[in-house]
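Take these sequences, add in the hints, and give me the full structure.
Same order as they appear, the protein sequences are chains A and B. Be aware that the first sequence starts at 1, since it is given in the working numbering, and climbs by one per residue. Be aware that the second sequence starts at 1001, since it is given in the working numbering, and climbs by one per residue.
Read the hints as simulated data drawn from the structure, not as lab findings. This one's a predicted model, so the numbers in the text were calculated from it and none came from an experiment. Backbone N, C-alpha and C fix where the C-beta goes; we use that ideal spot for every residue, glycine too. Don't take every hint at face value.
Interface residues of chain A toward chain B, partial, derived using beta-carbon atoms under 7 angstroms [what the hints assert, rightly or not]:
#1 Leu-19
#2 Ala-93
#3 Pro-96
#4 Gly-121
#5 Ala-235
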Amino acid sequence: MRKLKYSDSAKVIEQLDVLSTRVRERMTGIRHKLVVMSGKGGVGKSMTTVNLALALARRGHRVGVLDVDLNGPCVGAMLGMRDARLEVGREGAVAPVGPLGIKVASMSFLIRRTDPVRWKGPMDLSPVWLGLQEMQVVRELLSDVVWGELDFLLADLPPGAAADKPPVIAGLIPDLAGAVFVTTPSEVAGEVVCRSIAYARDLGIRVLGLIENMSGYRCPSCNEHHALFRGDSQALCDALDVPLLGRVPFDPTLAETFDQGRPLEDAEHPTARLFDQITGRALALLDYRRLLAQEL
Amino acid sequence: MKFLCLKCEQYMAFEKVEAPEEGRLGVTFGCASCGGRFAMVTNPGETQLVSSLGVSLGGRAVPPVPLEMTRATLRSEAQSSATMAEYLATRAQEPVQAETSGGCPFSAMLREKGLAGEQPAGSTLEPAWSEPARAQLERLPTFVRQVLAKSVEAYARTHGYALITPEVIEAQKRGVDDIAWSPEASARLANIPDFVRPVARKEIERLARNRGATTVTGEVMDEAKTLFAMG
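Have a look at this one:
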């Protein structure tokens, strides 16, 4: 048996290399790729992603949003694209265009509105294969969606779980410019986000900054600001040496417009203004060398 | 993975893949020398493992189509998972072999090679916290406290501090304690927006250290400005 020469006729490694190359080739037309993540569910990652995308689009940038939350996709609904579909052609799956010209790809564009995301095979019964399967689906979304030329692609990552480690997913994106983290000022959320930031850094992902969401509540009647939590995101940022990009209070108007699929396009709305400010900070940090060359 | 024809001492060639039922693959191989053939049938777990890799068995003959795997494996409607349930039920009924070596063979192998097991007892002297430093730490939220304490203790160990004082915390926060700033350089740094300033400070101090300087002066700032302009 030792005399035999092994030949890899299935070329598995070569096939896997081809898959990675396809992702890289597909992403060449995108100038900056960013991920929005948290590690904790329910802190408003998708809302933040959509608002950042709108703020970038208002500045005249060409923007794409990839909803990587395979099991709880909601970016399409928030942008009023519940009925959109990924049209699959020879060149790939064409990302439908939403408000302000934002291109979007999401699992929700491949399934019926009320269907759960379920896979054929034994995944319902074991998370072992589910994790592998979902990573390949994310890889396929990255390699096969036609984005064309974009200034920014924002990937809305799922909350952390055994089957889909967000920093690992972020690692699938070639030449990732950085990660924007979202938290609420609660101790519980902060603790999880803290771990997620450490994990991302271990994998070499640049942490661009942190956004504190639900940072109080703006009363629609009296317009006064009330606290929702007692935590301190600034202390978290100081301890982790991460810039605090901004604080966004809970805004019932925003929640309602997203539920109705009418994203806030009005640049003068207080929350939109906050996101413009946050986006300006993120852009400055993304290109801090240019800023320093001008201002030092 | 390859299969060998023992009679001819030759690798068998991949012939085809079939799906005899959902969750199973039948992969046929043949020996080019004696014409012998056999088929391997996978269980649902093995099938999933292979299909989740996004590769084709026996090599890819045709180019992939967009979202090939996603669309092929996405259930459009909820279906029964009977096949896997059946498989798991069968497995559950199989007698479990008694372990003679006390656990997983891989763990045993790692233990044998000295790659697993308890960490050797540490002999590092842990730095102590001064009262003011501890008071400063305890004003922070719990999780931030843990993160900061770990970082400061690591910093103290590296820099040989036996006692952690507020000054040590400050030095750890700034990341350096070997670079001073001239009034001119500090004033120029103040022109930078506060959220970018920590990054700028680190980059400039790194540059100063690389140049063997102990103080960031106007000259160092000029050099940094030129370097940043170069991208």
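| field | Violated constraints from the hint list, given by number and in increasing order | value | Those not satisfied come down to hint 3.
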